[in-house]
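Trainee: Make a model of the complete structure from these sequences and hints.
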Amino acid sequence: MSTFDNPFDPDRNLQAGCVCGQHQSAAEHEQATGLRCDPVASEEKRYEGVVASAVMRAMFPQDVARRAFLKSVGASTALAALSQFFPLKTATEVFAQTGAPEKKDLKVGFIPITCATPIIMAAPMGFYAKHGLNVEVVKTAGWAVIRDKTINKEYDAAHMLAPMPIAISLGLGANAIPFAVPAIENINGQGIVLATKHKDKRDPKDWKGLKFAIPFDYSMHNYLLRYYLAEHGLDPDTDVQLRSVPPPEMVANLRADNIDGFLAPDNICQRAIYDGVGFMHLLSKEIWDGHPCCSFAASREFITSAPNSFAALTRAIVDATAYASKAENRKQIAEAIAPANYINAPVTVLEQVLTGTYADGLGGVKTDAKRVDFDPFPWQSFAVWMLTQMKRWGQIKGDVDYKAVAEQVYLATDTKKLMTEMGLSPPASSYKSFAVMGKTFDPAKPEDYLASFKIRKAS
Amino acid sequence: MTSSLRFRAGLVSIVLLAAFLGIWHLATRSTAPVATMSPEYAKLMGLTATQGKSAMPGPLDVGAKLWEHLKRPFYDNGPNDKGLGIQLAYSIARVGTGYLLAVLVAIPLGFLIGMSPLLSKALDPFIQVLKPISPLAWMPLALYTIKDSSVSAIFVIFICSIWPMLLNTVFGVASVRKEWINVARTLEVGTIRRAFTVILPAAAPTILTGMRISIGIAWLVIVAAEMLVGGTGIGYFVWNEWNNLSITNVIIAILLIGIVGMLLDQILARFTRMVTFPE
Chain W
1 MSTFDNPFDP DRNLQAGCVC GQHQSAAEHE QATGLRCDPV ASEEKRYEGV
51 VASAVMRAMF PQDVARRAFL KSVGASTALA ALSQFFPLKT ATEVFAQTGA
101 PEKKDLKVGF IPITCATPII MAAPMGFYAK HGLNVEVVKT AGWAVIRDKT
151 INKEYDAAHM LAPMPIAISL GLGANAIPFA VPAIENINGQ GIVLATKHKD
201 KRDPKDWKGL KFAIPFDYSM HNYLLRYYLA EHGLDPDTDV QLRSVPPPEM
251 VANLRADNID GFLAPDNICQ RAIYDGVGFM HLLSKEIWDG HPCCSFAASR
301 EFITSAPNSF AALTRAIVDA TAYASKAENR KQIAEAIAPA NYINAPVTVL
351 EQVLTGTYAD GLGGVKTDAK RVDFDPFPWQ SFAVWMLTQM KRWGQIKGDV
401 DYKAVAEQVY LATDTKKLMT EMGLSPPASS YKSFAVMGKT FDPAKPEDYL
451 ASFKIRKAS
Chain G
1 MTSSLRFRAG LVSIVLLAAF LGIWHLATRS TAPVATMSPE YAKLMGLTAT
51 QGKSAMPGPL DVGAKLWEHL KRPFYDNGPN DKGLGIQLAY SIARVGTGYL
101 LAVLVAIPLG FLIGMSPLLS KALDPFIQVL KPISPLAWMP LALYTIKDSS
151 VSAIFVIFIC SIWPMLLNTV FGVASVRKEW INVARTLEVG TIRRAFTVIL
201 PAAAPTILTG MRISIGIAWL VIVAAEMLVG GTGIGYFVWN EWNNLSITNV
251 IIAILLIGIV GMLLDQILAR FTRMVTFPE
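Here the protein sequences come in this chain order: W and G. Residue 46 in full-length UniProt numbering sits at position 46 of the first sequence; the count goes up by one each step and never skips. Residue 75 in full-length UniProt numbering sits at position 75 of the second sequence; the count goes up by one each step and never skips.
Simulated from the structure, these hints should not be mistaken for laboratory data. Check before you lean on any hint, since a few could be wrong.
Here are the computed lysine to any residue pairs in the SDA-like style, where the Cα-Cα straight-line distance is at most 20 Å [stated by the list, open to error]: (1) W:K107 <-> G:G78; (2) W:K103 <-> W:N134; (3) W:K397 <-> W:K445; (4) W:K366 <-> G:G78.
Derived DEER-like restraints, expressed as beta-carbon distance ranges [stated by the list, open to error]: (5) G:P108 <-> W:N152: 50 to 58 Å; (6) W:A256 <-> G:I14: 41 to 49 Å; (7) W:D399 <-> G:K65: 52 to 60 Å.
Example chain W residues on the side facing chain G (calculated, C-beta under 8 Å, incomplete) [as the list claims (entries may be wrong)]: (8) E136; (9) V138; (10) D148; (11) E154; (12) R271; (13) Y274; (14) D275; (15) A336; (16) P339; (17) N341; (18) N344; (19) A345; (20) T348; (21) Q352.
The beta carbon of each residue, even a glycine, is placed where N, CA and C say it ideally should be.
Mentor: What follows is the structure, encoded as structure tokens:
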């Protein structure tokens, strides 16, 4: 995701198409080349960038001419010259204004884990207020409760595990109610933790008969752990025990020897290490780098009845996510979300999760800056992958229209529009291919992908 | 004689408490050997791992923390972090509402059922089936139909406190001594007057016993219900601190839950004594 570029950079292309000319758009180019720009400091700067790009484009329809101009006078001179006869500031202000929210006082539910970082930090760090909303973030006891409270409209929107809105929309484990995901919260940031007594059992092939905890049936944790076990030849339904356990109970259960390990959201993993009861076997990043975990979800009803509130909320979340994606902000965020009102965890634990320099529970200190990362774009291919796994493990029976469900629930198109308005450069496509444990997933052929797995629940 | 008994009982209580605290203190001393680890690693770890500190807090930790809470019981740091006084007030308000609703329903209904052998027989199977259901089992159903978590919690209190009161009222009304009713009948007292001047005073001790059982159950259930729905209340506090694995705060909450439960029970016990009569 190249978030913001400088329109006064002579090397930047403001036309459709990319710098190298081989791709449809700059975003696609960057995706292909793996470039990733850091967001600009402030939103004003970003909006200014959008407006300035438009003006530059209008003045120099020929890209070559613009480049020549910029190269000869320099970016700052160009900006000064431009500002003289075009009121950039006013134009930016006008541009940044959007429809007034229908409902200003909103309630957003969250589960106290670091996945919810953008949702939580947006309250103490003022991202909601910046978009004209007065949001109360409410801590909730568990995934089923968050689902019920959002369905009951006690919450206007909520933090949900990425597969949950799909499950709710399909009516799995609840009445079918159309839900939508405008933004993913975090990518990576989970881990497999084993009890300290298993420190010599690092090969999953030796894990037969162990008991593992996962936070919820419709969770990436469930699918990733099953995937990981199956890749190592274990059938997760028969060779090990998987239990759905609320995250806070996981550490207590690990200490009490009721479970042998878990694939859980972070700060829970790090908390088990911090309390000396377990060690980090594997970061979820090593299973699938860039996997989604939690999402920001709202019901279709809320989206249609209060579209401006929803848009403002999404903008606040996207903004907070962009802020959280920068490594230098992470320490400050850890302090903002640690108090009892929010996550309620020791700052040291949150810092280790967010900065990626952590104790591994075996006496070593490891560093992985991408242990957890934040990227709001709701790739529809993520949804397709989750659907294949739901089908693989028997949560969905019968045929699935992968694309239709993904497009209905994961609002890539709307988010793309919103991000463009905010001056971010969202990817051009809503589908991308990725690799899970070295195996490539092609979102266009979900059935073939599903058929390629030997270990799956017999249907 | 009684005063010396009371004195001796008090003494035994204090000795028991001291022994309990002493054993607790000894059991939670840090005894585990301190593992050797690099300072860089130790900085990232908790005290349990670095200093062999017991995961269970000792009485001194709990006392210090309790003092901290008692110093400022009514602080409000936003929707998810409020002082213990506020949390307890929320819980008591919920219990009060659900309980009063149950009183309003159970006592008149109990009277009707108790006074009519036909209704008593007809409704008996329903009551017998509904009575043993764990109140928390109603929670998903309540959340689903009422669509409001705080009302659901009140409903759960209502449904769990109604049965003891109802059954005790029925029993109390049905077992009023026949002679008294016959005397009333001989004096040609009307049904309504009979209910209020003869049956009610006669059945009052039994009814209040039912109410006393109910308030105990209601207080038991609110903690579990609040842990489930969250938001506010002492049950939420327990859950929130458990989330942070802060056993110290959980112990404090347990202590307070016990004290409030005892107070509620004492209030009802006093009412019961007021209406008891010698036969």
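Trainee: Confirm or reject each hint.
Mentor: Here's how the hints hold up against the structure:
1. A hinted pair counts as satisfied when its Cα atoms are at most 20 Å apart, and W:K107 with G:G78 qualifies at roughly 13 Å.
2. For a cut-off of 20 Å, the pair hint linking W:K103 to W:N134 stands: about 9 Å separates their Cα positions.
3. For the hint linking W:K397 to W:K445, the alpha-carbon distance of about 18 Å falls within 20 Å, and the restraint holds.
4. Note on W:K366 and G:G78: the hinted pairing is violated, with a Cα-Cα distance of about 35 Å set against a maximum of 20 Å.
5. With their beta carbons about 32 Å apart, G:P108 and W:N152 fall outside the hinted range of 50 to 58 Å.
6. At roughly 34 Å, the beta-carbon separation of W:A256 and G:I14 lies outside the given 41 to 49 Å, and the hint is violated.
7. Our hint of 52 to 60 Å for W:D399 and G:K65 holds, since their Cβ atoms are close to 57 Å apart.
8. For the restraint placing W:E136 at the interface with chain G, the shortest Cβ-Cβ distance is roughly 5 Å, inside the 8 Å limit, so the hint holds.
9. Residue-level restraint check for W:V138 holds (minimum Cβ-Cβ distance to chain G is 6 Å; threshold 8 Å).
10. With a cut of 8 Å, the hint placing W:D148 at the interface with chain G holds, because the nearest CB-to-CB distance is about 5 Å.
11. Satisfaction of the interface hint for W:E154 is found here, the shortest Cβ-Cβ separation to chain G being roughly 6 Å, below the 8 Å cut-off.
12. For the restraint placing W:R271 at the interface with chain G, the shortest Cβ-Cβ distance is roughly 7 Å, inside the 8 Å limit, so the hint holds.
13. Given hint, W:Y274 at the interface with chain G, holds; its Cβ is 4 Å from that chain's nearest Cβ, closer than 8 Å.
14. Hint on W:D275 holds. Least Cβ distance to chain G is approximately 5 Å, under the 8 Å limit.
15. A hinted interface residue such as W:A336 counts as satisfied when its beta carbon comes closer than 8 Å to some beta carbon of chain G; here the least separation is about 12 Å, so the hint is violated.
16. Satisfaction of the interface hint for W:P339 is found here, the shortest Cβ-Cβ separation to chain G being roughly 7 Å, below the 8 Å cut-off.
17. At a threshold of 8 Å, the smallest CB-CB gap from W:N341 to chain G is about 4 Å, leaving the interface hint in force.
18. Because the smallest distance between the Cβ of W:N344 and any Cβ of chain G comes to about 4 Å, under 8 Å, the interface hint for this residue holds.
19. For the restraint placing W:A345 at the interface with chain G, the shortest Cβ-Cβ distance is roughly 6 Å, inside the 8 Å limit, so the hint holds.
20. With its C-beta approaching chain G no nearer than about 6 Å, W:T348 sits inside the 8 Å limit, and its interface hint holds.
21. Annotation: interface hint on W:Q352 holds; nearest CB of chain G at approximately 6 Å, less than 8 Å.
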